[in-house]
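Q: Here is how the chains run, residue by residue.
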Amino acid sequence: MEKILVSSRGVNLYYDSARVLKDITFDVMEKQVTALIGPSGCGKSSFLRCINRMNDFIPSARVEGEILVGGSNIYAGGVDVIALRRNVGMVFQKPNPFPMSIYDNVAYGPRLHGVKQKDRLDETVKQSLVGAALWDEVKDKLKTPGTGLSGGQQQRLCIARAIATEPEILLMDEPTSALDPMATARIEELVRELKKRYTVVIVTHNMQQAARISDRTAFFLMGDLVEYDATPKMFTSPEDKRTEDYITGRFG
Amino acid sequence: MEPVSTRKQLEADLTELKRMVLRLGKMAEESISKAIWALKNQDAELARMVLAKDDDIDDLAEALDNACMHFAARFQPLGEDLRAVTSIMHMAVDLERIGDYGGNIAKVAAELADKELIKPLIDIPRMLDVLSAMMSKALAAFDTNNAEMAKEVFAMDDMMDDLEKQIMRELLLLMMERPQRIEQATQLLNVARTLERGGDHVTNVAERVVYILTGKTVKASAFRRPRPAALNGRKEHEER
Amino acid sequence: MDGRRFADMMMTVLSWTAAMLLTGMVFAIIGFVVVRGYSVLSLEFLIEPPRDSMTRGGIMTPLVGTLQLVGVAMFFAIPVGVATGLYFAEYARDDMFTSILRLAIRSLAGVPSVVFGLFGLSLFVILLGFGPSLLAAALTLACLTLPLMVTASEQAFLAVPKDYRDASYALGASKWQTIRKVVLPAAAPTVITGIILSVGRVAGETAPIMFTGAAFFAPHIARSLFSEVMALPYHIYVLATAGTFIEETRPIQYGTVLVLLLLVLGICSGGIYMRSRLRRLMRR
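Top to bottom, those sequences are chains A, B and C.
So in our numbering the end of the first sequence lands on 252, straight run, no missing numbers.
So in our numbering the end of the second sequence lands on 1240, straight run, no missing numbers.
So in our numbering the end of the third sequence lands on 2284, straight run, no missing numbers.
Keep in mind that a hint or two might mislead.
[Said to hold, decoys possible] Example chain C residues on the side facing chain A (calculated, C-beta under 7 Å, incomplete):
no., residue
1, A2159
2, A2170
3, V2183
4, F2245
5, E2247
[What the hints assert, rightly or not] List time: in silico DSS-like cross-link candidates among lysine-lysine, alpha-carbon distance up to 30 Å:
no., chain 1, residue 1, chain 2, residue 2
6, B, K1018, A, K241
7, A, K3, C, K2162
8, A, K241, B, K1034
9, A, K143, C, K2181
10, B, K1165, B, K1107
11, B, K1216, A, K233
12, B, K1165, A, K233
13, A, K233, C, K2175
14, A, K22, A, K233
15, B, K1165, A, K3
16, C, K2181, A, K3
17, C, K2175, A, K94
18, A, K241, A, K196
19, A, K241, B, K1008
20, A, K195, A, K126
21, A, K126, A, K139
22, A, K22, C, K2181
23, B, K1008, B, K1034
24, C, K2162, A, K143
25, B, K1165, B, K1018
26, B, K1008, B, K1018
27, A, K233, C, K2181
28, A, K241, B, K1151
29, A, K141, A, K118
30, C, K2175, A, K3
31, C, K2175, A, K241
32, A, K241, C, K2181
33, A, K139, C, K2162
34, A, K126, C, K2175
Hints listed in this document are in silico derivations from the structure and should not be mistaken for laboratory results.
Note that the structure is predicted; figures quoted are calculated from it, not measured.
Quick reminder that beta carbons are idealized off the backbone N, C-alpha and C, glycines included.
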């Protein structure tokens, strides 16, 4: 039985007077992977950042409409944004572990939110690294700098860091575009595992990747949500001609 | 992303695949036409030529299959391109089968070339005419991306059914009248049955064309004369 | 040889010559000082105060005085400079006011040090009534090095990649938590570079301390913030120009210069070592 976890209702995003997202309305299902695809500048990354209110840091950004997470509107007045970001993790395009030890990287989130006891932190760090398929590779060097790992490992470290706060939702903004094919494959495999426990929304410009790992796909074009459907259907016989043209590479 | 040049290359390769399909279709159609012609005119030489050509048809079908695989590996196609390449692979099978039927009929034609025909062949050539028309239409629909034209093929299959039934009735009558005719009559029945199966394969091709163009799977039966409910189970038995 | 190869060769030769000249100059200065001054270097030189109108004895008092001045000056300059740099990098809005502020600070960097001395005299010595003292001199030195500290800090904070901040915010950190836990540590190596450069400058300045607290002679080292203090650069000046026995004290002058150079070198090396250790921890 599919359950809706994130619901976008008529979301409009403005940078000053430029309208970057137009009336975006769709639902993200729980414990599924939802891919956001579209050409550069179509708004998919901007929409992703609306879900954890990272756009708040852009002074000229203004959001209209509602985004419901677990039933409540995260843009309502008086919402605890810190708690939201604890519940919605984010992984970025370029792996960005802090210049600290691996342990401190993963423990960063829990420490922020008040966890101090060493054994609790130890356990959380271990579980997160296990969940990110990185534990075996780093368990003997937790105190070494996170920046000493390879690109693919760094990205998995960032994933571990994000899931350490035990979020419900994991947002991934083109997480493999800076990685080589082997590392990409490992991350994709990891995402398939992650969706058992988390709801994943992933922005990707690689359509084959979206076809490989997502359950549903949303196609954005110039701020509009053109089509949103189950992935197999989306990539074999989409309804909208614009979608068809995009996935067959008629325009980039 | 470099869509433009990859897209151009993809379209060029896809056009080549289409060309191969059309050529395969033409060869299959010629095979079966010539075979029936050889049967009707008791031309053993023509029959042998048809049989010789059978290998060419198989080779082309295999080449087409490989070309489709390479296309898929190279471009990882999606959407309409994906539907096209997978459907073309299916169509290759159907068209190759029609080519095989031509060979089968040619074998019968070679055998009956020096014997007396139990009856002049009229309906069998008529079946061929319908089949040829169906093939031309299906391939033209594929060539010109015309889904409506493809759908017209479905109804034509009814005529094939009717003709086959008629031939069956006539031949059964002949067999009952003169039992020594049974062997040849059976062979002719098989030819008719083979042509009818050919019609089914052309219908498959037409279905695939519609799928490529619209993304929707249509069943030919939706466009044909409704079969009497009697055609399932016990009732059919009783009718016979 | 064709034109291009010739031009290449000329440029290489010219660059080499310039580098050699400069290096030569540096070594010449150092060599000059070392040759003239090393004869007076000894443990006693560093430990004993000047005696007999400074013809004999050591330079303990000015040495300690310089250390005190540097210490107190940096005690004020580092927090104020870093905080201001932080303000510019993290909190200031991109408007006219901020631009003017930045311009003011940059301009301050170009003000001659004697002007700072006069400023310090007016404000700290006279207006605030500290009198000529360690405190007044150190504060003047702090003002002198503030533009450098602010600019170095600001650059350090701006150089911290946006990536780190994004990641921190996305994990639910507030702005201040992010600054405290991620930005400051990441900027530390560059800030330390700024501190090193500041220390080098502060230790060697004469004009700002001349009227604000440096003493011609003090019987003992400064015991409170309000006492006068001897300092190495001023001591050199005194020995070379205003002292009673200029010729006799020549070796001591060079010795003092050598000590000052070694002191600054020592502090800088310490800072560089600390910085490289931090950098290794944060290797990207």
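Q: Hint by hint, which ones does the structure fall short of?
A: The structure conflicts with hints 1, 3, 4, 5, 7, 8, 12, 13, 15, 16, 18, 22, 23, 25, 27, 30, 31 and 32, although it agrees with all the remaining ones.
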